[in-house]
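There are 2 protein chains.
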Amino acid sequence: MEQINIGLLGLGTVGSGVIQIIDEHQQELQHQTGSAVSVSKVLVNNKTKERDMDTSHLILTEKAADVIEDPEIDVVIEVMGGITEARDYILQAIQNKKHVVTANKDLMALHGTELLTKAEENECCLFYEASVAGGIPVIRGITEGLASDRITQMMGIVNGTTNYILTKMAQEERDYEEVLAEAQELGFAESDPTSDVEGLDAARKIAILARLGFSMNVELDDVELKGITTVTTDDMDYCNQLGYTLKLIGLAKRTEERVELTVQPMLLPNDHPLASVQNEYNAVYVHGEAVGETMFYGPGAGSLPTATAIVSDLVATIKNLKLGAGSGFASRPLHTKAIQANEEVLSKYFLRLQVKDETGTFDDLTSLFAKEDVGFDKLLQWPLEEEDNTTSEVVIITHMTNRAAYERIYQELENMDVVLDVKSSYRVEGGQVS
Amino acid sequence: MEQINIGLLGLGTVGSGVIQIIDEHQQELQHQTGSAVSVSKVLVNNKTKERDMDTSHLILTEKAADVIEDPEIDVVIEVMGGITEARDYILQAIQNKKHVVTANKDLMALHGTELLTKAEENECCLFYEASVAGGIPVIRGITEGLASDRITQMMGIVNGTTNYILTKMAQEERDYEEVLAEAQELGFAESDPTSDVEGLDAARKIAILARLGFSMNVELDDVELKGITTVTTDDMDYCNQLGYTLKLIGLAKRTEERVELTVQPMLLPNDHPLASVQNEYNAVYVHGEAVGETMFYGPGAGSLPTATAIVSDLVATIKNLKLGAGSGFASRPLHTKAIQANEEVLSKYFLRLQVKDETGTFDDLTSLFAKEDVGFDKLLQWPLEEEDNTTSEVVIITHMTNRAAYERIYQELENMDVVLDVKSSYRVEGGQVS
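If you read the protein sequences in the order shown, they are chains A and B.
Here the first sequence stands for residues 1 to 434, where the numbers follow the UniProt record's numbering.
Here the second sequence stands for residues 1 to 434, where the numbers follow the UniProt record's numbering.
With the rest of the complex left out, here is chain A (with noise of 0.2 Å):
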């Protein structure tokens, strides 16, 4: 039987992860691909370093080149993390016309399209399934299992750290603060939570999905972020009692030609698919122009689940590189990059206000929403508890308006007299509540 060698670029969590799949799962890869699949040389920081796993019966390296230039080596595996090394080792091995597997969302979010433009003309495969949602193959079902259709919509529960303490706060009302400690002790958010919580990590996810989605070259940059550290529990009591969940959300939304790319924590109606996702786990919602809405749903992370993404695309190199075939088609985009202005981005919106509990506030609040042509579709109002009487509270659902205006009704909230405090905004998507 043939034998297929695999260079593997790291060996931390998802490194070893990929091995003991390999080892595991050996008949069911040598099933499917014809092949005896074996890793035979792993880059490593520090070959002496004690490991939690049998090696003896890898070579450990810590030269890159050993890796991407043996000859021997058929594919290689990126899972070193990091950017600038990553890169330059990657673009190296495809030269070599090695084809290469990546878990790397930094990465490919950033070079993705360098990265696939150079895979495509050296005719190597460049597959990146792990770098997006984990063990959940949501690029594959974009790219083959919806090929025939238009795409216009994709909602992602795409950072697992977000949603544990989104889950947490809204099931236990507990604080954004507190929950993100348990969250740091329990391994679920790392000690600099930033890239996570402040919707990095999730917006390099939605450019990547957006760039294959659309077939469109959106960078990085194109996706606006808005974090969840100033989420309170007070919010989401009040989506609660109005029938919503408030999630983090990535948005990639086509209409027409022109595309909106955002990252941001936004209600949804507690019937969608997406707001039933809870904890750690992910979730990608993809509506299509035939299929309609179609989801996702599994571990965003995780080191099995992830590895389990790597070697399925391993699956899928070898079988292209049995057949003679390079990186297929279409990896260069269709379409050139449009972005929507803010007058094309229709939206509901929640806003939650306190106001001068006086005659005259809801006159001036209605009149400014009615002068930009914004109706309500629910509102609340409550004296403010443990007050004077003077303040009241005022929580809005807008009908659709365009982000435009929308914008000049809250800057002119911030500058009202009657608008004691503007405390929250969020965009409302996935349709009505019933």
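Treat each hint with caution, since some may be false.
[What the hints assert, rightly or not] Calculated lysine-lysine pairs in the DSS-like style (CA-CA distance at most 30 Å, straight line): (1) K322/A / K118/B; (2) K168/A / K378/B; (3) K118/A / K322/B; (4) K337/A / K118/A.
Calculated directly from the structure, the hints in this document are not laboratory data.
All values reported here derive from a predicted model rather than from experimental measurement.
Assemble the complex: chain A is given as a structure, and chain B must be docked to it using the hints.
Same frame as chain A, now just chain B:
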């Protein structure tokens, strides 16, 4: 640009959907396959029949040979349904070295192994994504996305009609008969709903999924089935009180190298991902050793969703065809069939009884369960309303037990003096209610 010619067998709702997608998404198809794709000939029953669509650019024929023997035709798409003729035509097409895409679940469930073997022998593709769960790319998810994993369990809501009926029964507390009649009026159920409501349609899909996911030559007859016709709103009520949702689940489970295949109404904990799949939607929950839990969700039927799956198969076919590739690998099963004995089938059960409300009843019941070493997870007892107070209703959720022991208990219950009626019994799957 190269031209790929398609022959279509059948021009019903799915067939017209296929033509619509190929026409409307021609630009995307060309970009992805590097070829112009068009339907050249269509087999119909009656060429002169009035149709809703414009067929002026198509050659309609009433002779199958015109399509499957035409040397200009590269790919045959079968959307005519039925078994005998469809099987003959597909076999002939394959012998003529044509690649085939089919949406025919009845055919694939009964003759899948034969057809896939013939395709492999002739180095032709035979793809059938649309045969399971319509627009959801679950077959691709299993064969490619989870290619490297060892799948241990698949649970599917794979019949839209029954899921619609059960959703309405639960949400609106209406009887089966009433909801079925409504579903028939709305077009969600056939005028003869037998194959849906008795579970046969779901069984076909589970046979197809199990064959693939377990790489085992299981047959339709290996799927045990029970439909939803005896489900009552009382059952729904108790499920609800206990934190469960009742769904018609197709289950394929592997323990070691032996499998269990069944379709039956089951209780799932409310927080199970399948529990919130509503109305006519489908979803397939897949558990893999490495990846853990994943789920694929979407429309299970409909002209355009089904056609999307077919045209995505067509894209995969054209890619393989241009690469000079045949049917790929691994369509032959890796494992020989091994079905679990009743003693190996482990599960919890929901049981609803009406018993005599007299001293000793509970003692009789508990000793029966104790004799088989089956414990109670939950137990409810109520006096029956509007009856004399000699009758009680008892609802039991057992701990995990093997099926053989449960069936012995069930039989004895039916013969016990103190048991007036065994009202219902369902399996409980999907983990613990938290």
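Exercise. Do the alpha carbons of K337/A and K118/A lie within 30 Å of each other, as the hint requires?
Worked result: Distance of about 20 Å is within 30 Å: holds.
Exercise. Does K118/A pair with K322/B here, judged by a C-alpha cut-off of 30 Å?
Worked result: holds, 21 Å
Problem set entry | Agreement of K168/A and K378/B with the hint, judged by alpha carbon distance not exceeding 30 Å | holds, 27 Å
Exercise. Are the Cα atoms of K322/A and K118/B separated by 30 Å or less?
Worked result: holds, 21 Å
Violation of the numbered hints given earlier is absent; every hint is satisfied by the structure.
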